[in-house]
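Each of the two chains sits in its own frame; use the hints to bring them together as a complex.
Those sequence lines, one after another, are chains A and B.
Our numbering numbers the first residue of the first sequence as 1 and each following residue consecutively.
Our numbering numbers the first residue of the second sequence as 1 and each following residue consecutively.
A hint or two may mislead.
[As the list claims (entries may be wrong)] Cross-link-like lysine to aspartate or glutamate pairs, in silico, EDC-like; alpha carbons within 16 Å at most:
1. 214(A) <-> 125(B)
2. 89(A) <-> 44(B)
3. 72(B) <-> 213(A)
4. 103(B) <-> 231(A)
I should point out that these hints are in silico values taken from the structure, not numbers from a laboratory.
Remember, predicted model here, so these are calculated numbers, not experimental data.
Single-letter residue listing:
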Amino acid sequence: MPILNDFSQELTTLNLGPTHPATHGIFQNILQMDGERIVSGVPTIGYIHRAFEKLAERKPFYQITTLTDRMNYCSSPINNLGWHMTVEKMLGVTVPKRAQYIRVIMMELARITDHLICNSILGVDTGAFTGFLYLFQEREKVYEIYEEVCGARLTTNMGRVGGMERDLSPVAIDKLRAWLKSFPVVMKEFESMFNRNRIFMDRVVNVGPISAEKALSYGFTGPNLRAAGVDYDVRVMNPYSSYEDFEFDIPVGTNGDTYDRFIVRNEEIWQSLRIINQALDRLPDGPYHADAPHYYLPDKPDVYKNMEALIYHFKIVMGEIDAPVGEVYHAVEGGNGELGFYLVSDGGRTPYRLHFRRPCFIYYQAYPEMAVGTTLSDAIVILSSMNVIAGELDA
Amino acid sequence: MTPQDAAVAPEAPVAEDPIKAQNSQVLALLTRLFGADTFTDVHEPYGLLTATTTRERIHEIIAGLQQDQELKFHFLTTMCGINYPENPSQELGMIYHLHSLTKNIRLRLKIFFPVADPVVPTLTDLYNTANWMEREAYDFYGVIFTGHPNLIRILNVEDMDYFPMRKQYPVEDGTREDKTDLFFGR
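Only chain B is shown next, with the shape it has when bound in the complex (with noise of 0.2 Å):
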């Protein structure tokens, strides 16, 4: 097997897949909530259904996707931010991961928005746990999270003036020219 067709299989649609069904009922619950052009770029990687919103609506949704009586998703499993330098006026984004306990339904839903203007709204007033996984973005990418009883940086100093997981920031110095990147790393 080559890594290409590894690529192919686990995408390949498997007729009667409980997973799908799932993934099927909770997308035409976002459709009905929501409407049907709220999101963009569903797709289900490994089974696990992700959906591409943006930031105005992104606090609706999850409270929505919370007080739903059916689904009840009450439980944030994790948010990170992620950055793509060459994504023009989407470079910076934010992964929200959510996990239904009573039907067992995972969802990754994700939000994109320009470096310039980071601004997204803050979860703390629906999950208690987000405090600090918004600190943890805030620290690593620069997102600033309107409404966040306390943003400031968890892991680093407080007095670093930059956002170090930004890809513009390599691991090792870049002034150094006795090491080469020529065979390790990206």
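Just chain A, same shape as in the assembly (with noise of 0.2 Å):
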């Protein structure tokens, strides 16, 4: 016989999504309260997995590109060059020093807006939505970069198997440099809005640490494994791309706790920015893709007066690019950690096949490890500042 008025042993099932406007994305955490102490969670993903894996079975090489960027959809760039750099790999094309600072460029922006977008929404999570305003408009400048670099804004299909498609035109170099100039100013508004704001740190300071030892086993990467105290950074450990020209700083936190993985997002911000005036500095003249014509399209006024132009166009068009037999996997910082993209190649036209390490899927089931124990105002600030993009999660 129960005792009616004993609510203390009564479990709640709470529903945090699929669809709330905190988790970010479309994915699904069964959380069993007990009052607002959570006690357990099970996080339920796969809302809009789209067989990326298996489509890519059947697309030639260059047209995966569209599929990279649509997992990690606030850092397309860097998914689309991670996968060209892994093509390029298995082919054995060396991509020209311009091309590759134009790739560094261009990653280390995706990485600063990815990182905006995080922060901000974090901001957001705790009830302070002016920092969301503020940095959501450096997000639309940046994206008016992609625009002159690459023609589109979010889906950017950025760069080709040997190199970019154009070459940096003098409008994008304007718009980045006086972008450069004026980012930092909003920057520092908005950390001296947050770092130091009493009422932020009592939210988020102590609030989901989570030990080195823990991440590493979870497979953690990117910003919230170095929150975590381990300073694993792919860029420094295995360069592509020239990284290994720039000077940069890898921040790392001590206790991995939500203000750790907060503050280390920002002074990624700024390792970035000194990336990009650096590769921007000393940008080299010369091709800006590579002499590569059996995979980079040739330029379209040859396709018409020229015969070997003609074929090549026709080849790489009807993705008839013979890959050599074999396998390779290539990893690339993305903005949530070590995206890999692991190729098996029969030499068909083809993948044979392709699996992509995603960040967010292997950490994210660290989540209700991190979250049991906490309230639930705590457990949207910690899902927050993981940064689980739904589109990697999937895939």
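Structure follows, in structure tokens:
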């Protein structure tokens, strides 16, 4: 016979998501609540699973670019260029320095926009809307730069196998320089609004901490791992696209709580700005794509006049790039951590098997463990600071 | 450069290459710990040491590599399934990417097993991150991980009754006649 008035043993099941504004995407957390404390949580994902790995087995290599930029849509260029670098590694194509530097600029811009969204939305989730408005404008300006570089804003489809599709136009460089001047002012303002803000710190310090060992065991990478104190950065450990030419620091946190993740991302924005400035100042002259006619689409005027160019154009458009037999793994430092592409080729025009190492998918399983024992409002903030992108989670 | 040249170029041996030296160090460790006959098909595509072993030994090998004080493979980068329908009794495979963060050495291990008996030991007791990766491999390829705490589908719907990433299931509906595969895809 249960005691009717004893509510202390009764647990509430709360569905956080799938479409809750605070889940930042379509995924569900089934939480067991004891009053306001979270007792256990079960994440359910797969709501926007689009079978990218299966689709990739039917698409020629350059068509897969459009799949990659729909994974982490907050930093599409990193996905695109990481994919192109994987194919280049497999084909043995050497990309000229200028293209590599342009790629570095684009990838760091993407990292900044990714962190801007994450941090400003973290502000919104703690109740501070102003910071979001400040930083969202800056993201729009970066998207205008993307638009100048590749014609698109969100699903950028940037770069080609062998280099970039186009050179950086003078307009793009002007816009970039203007933004590099104006953005630090806004960023400083944002930081002064949050970094030592009493209300904000009360909400995030010591919330959802994770130890370095746990983080490594859960496969954390990127800012989430660095906030726990492990200075693993793919850009430093396995440099790609000339990252070894630039000076930058890896910001690390101490106890891996929400505040550390916020601060690490803010610091990374400054480091990315340092890299962009260096790359722009030292941008080498020369071609912006490799001399690889088998893989790089020829100039349109050439196609009209030159038989070879016409043949290559046709073969590339029809997807008849012959790839060597083999397997290649290439990793880049995505906005959320190590974004890896494992490509198995049997010599055909499409991959035999393509596996994306999506950082969100791998570390999101740690979320229940981080949220258990906290309150619902803390759980929202932890989720926000992990920067889980639904497109990357489900792929 | 023809594609055939490109196929040869990255595999060409380069003397005093630090990656080669590292790989031979790892290979020496692997053979010392687990015996030379444990590993078959050892090669280094694009500089990443790759070895094939058996499903009976994979758990022991990865546990040994994780505990090894010299190289400390503390990081399981990723694991994924693969399907080769034309290899009899080796139709399915699992591919493990390990990373030693202290020495910055990556290692790829593979196992193959028959599709009729897709049972593999779990790694969830070694790495927390193996949990979802194994659920994903089960979801896509039907690999059964013995000892996994919660082996259910993760990305696809629960009531799906086949394993969609196996090669026998084409991307498009096979009954359609208005589209041909003549020009597109594989």
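Cross-check of the supplied hints:
1. 214(A) <-> 125(B): holds (13 Å)
2. 89(A) <-> 44(B): Holds, at roughly 14 Å.
3. 72(B) <-> 213(A): Cα-Cα ~13 Å, so holds.
4. 103(B) <-> 231(A): holds (13 Å)
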